[in-house]
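Each residue of the sequence shown is one higher than the last, beginning at 1 in UniProt numbering.
Calculated directly from the structure, the hints in this document are not laboratory data.
Every residue, glycine too, gets a C-beta built ideally from N, C-alpha and C.
Errors might be hidden in some of the hints.
Stated by the list, open to error - Below, a list of computed lysine to any residue pairs in the SDA-like style, where the Cα atoms sit at most 20 Å apart:
#1 Lys110 - Gly90
#2 Lys120 - Arg150
#3 Lys120 - Asn108
#4 Lys57 - Phe75
#5 Lys110 - Gly154
#6 Lys120 - Val66
#7 Lys110 - Glu77
#8 Lys120 - Gln80
#9 Lys110 - Pro82
#10 Lys110 - Gly132
#11 Lys57 - Pro82
#12 Lys110 - Asp88
#13 Lys68 - Ala78
Stated by the list, open to error - Label-pair distances were calculated between CB atoms; the ranges are:
#14 Glu134 - Gly21: 26 to 34 Å
#15 Glu36 - Glu153: 25 to 33 Å
#16 Glu153 - Ser114: 18 to 26 Å
#17 Asp148 - Lys57: 33 to 41 Å
#18 Ala74 - Ala19: 19 to 27 Å
#19 Asp92 - Ser40: 26 to 34 Å
#20 Ser114 - Ala137: 18 to 26 Å
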Amino acid sequence: MDEDVPDADVVLSRAGFDADGGVLTRRQAEVLALRERGASQAAIADRLGTSRANISKVESSARENVRKARETVAFAEALQAPVRVEIDPGTDLYDVPDMVYAACDEANVKVTLSAPEVMKQVSDAGASAVTGREVHAPLLVTVTSTGDLRVREGDPTAERQ
1 MDEDVPDADV VLSRAGFDAD GGVLTRRQAE VLALRERGAS QAAIADRLGT
51 SRANISKVES SARENVRKAR ETVAFAEALQ APVRVEIDPG TDLYDVPDMV
101 YAACDEANVK VTLSAPEVMK QVSDAGASAV TGREVHAPLL VTVTSTGDLR
151 VREGDPTAER Q
């Protein structure tokens, strides 16, 4: 083997991996840990005694599981956030900071972002819902009790029906 591949058990132990408490299988965690440390799929396959195609499939499944876990956490945070601002299509992006600040004031939550920072975060996170200054798809902006702002795309009116 040409490539130096770290010992997966050591890497997982140091990272605190718990197979029973997470969304990844041990093999998925091994592959991600080694890939994140620069090992090629071929080298990992050689180390783990399998094919590169199998490692590719395991890595793809692991990354999808991580994406789903992050989405689940974001959803849970949105449900628990004391500040929820529904941004309807047609809203001018320049109006969003005032909407967020008003909702935060009402909930007695401090958001430390400036207006341009709020607009940038909304525009970046809702990239497919914002074109130029116009919001053209529903967005939900939430602010946690610690002032962290999150943006989710979706239909905020669905909850009101």
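Checked hints:
Proposed proximity of Lys110 and Gly90 is contradicted: the alpha carbons are some 27 Å apart, above 20 Å. Restraint check: the Cα-Cα separation between Lys120 and Arg150 comes to about 12 Å, which is no more than 20 Å; the hinted pair holds. Restraint check for Lys120 and Asn108: the C-alpha separation of about 23 Å exceeds 20 Å, so the hint is violated. Between Lys57 and Phe75, the direct Cα distance comes to roughly 27 Å. Violation of the 20 Å bound is thereby established for this hinted pair.
Pair hint Lys110 plus Gly154 does not hold up; C-alpha atoms about 25 Å apart against a cutoff of 20 Å. Simply put, Lys120 and Val66 have alpha-carbon atoms about 25 Å apart, too far for the 20 Å limit, and the pair is violated. Annotation: proposed proximity of Lys110 to Glu77 holds, straight-line Cα distance about 17 Å (limit 20 Å). Proximity of Lys120 to Gln80 is assessed by CA-CA distance (about 23 Å); at most 20 Å being required, the pair is judged violated.
For the hint linking Lys110 to Pro82, the alpha-carbon distance of about 11 Å falls within 20 Å, and the restraint holds. Of the supplied pair hints, the one linking Lys110 and Gly132 is violated, its CA atoms being roughly 27 Å apart against a limit of 20 Å. For a cut-off of 20 Å, the pair hint linking Lys57 to Pro82 is broken: about 40 Å separates their Cα positions. Proximity of Lys110 to Asp88 is assessed by CA-CA distance (about 23 Å); at most 20 Å being required, the pair is judged violated.
Proposed proximity of Lys68 and Ala78 is supported: the alpha carbons are some 15 Å apart, at most 20 Å. The given range of 26 to 34 Å is broken by Glu134 and Gly21, whose C-beta atoms sit roughly 43 Å from each other. The hinted window of 25 to 33 Å between Glu36 and Glu153 holds, with their beta carbons roughly 28 Å apart. Distance hint for Glu153 and Ser114: a CB-CB separation of about 23 Å, consistent with the stated range 18 to 26 Å.
Evaluation of the 33 to 41 Å hint for Asp148 and Lys57 yields a pass: the beta carbon distance comes to about 35 Å. For Ala74 and Ala19, the hinted distance range of 19 to 27 Å is satisfied, since their beta carbons lie about 24 Å from each other. Our hint of 26 to 34 Å for Asp92 and Ser40 is violated, since their Cβ atoms are close to 48 Å apart. Evaluation of the 18 to 26 Å hint for Ser114 and Ala137 yields a pass: the beta carbon distance comes to about 25 Å.
Against the hints set out earlier in the document, violations occur for numbers 1, 3, 4, 5, 6, 8, 10, 11, 12, 14 and 19.
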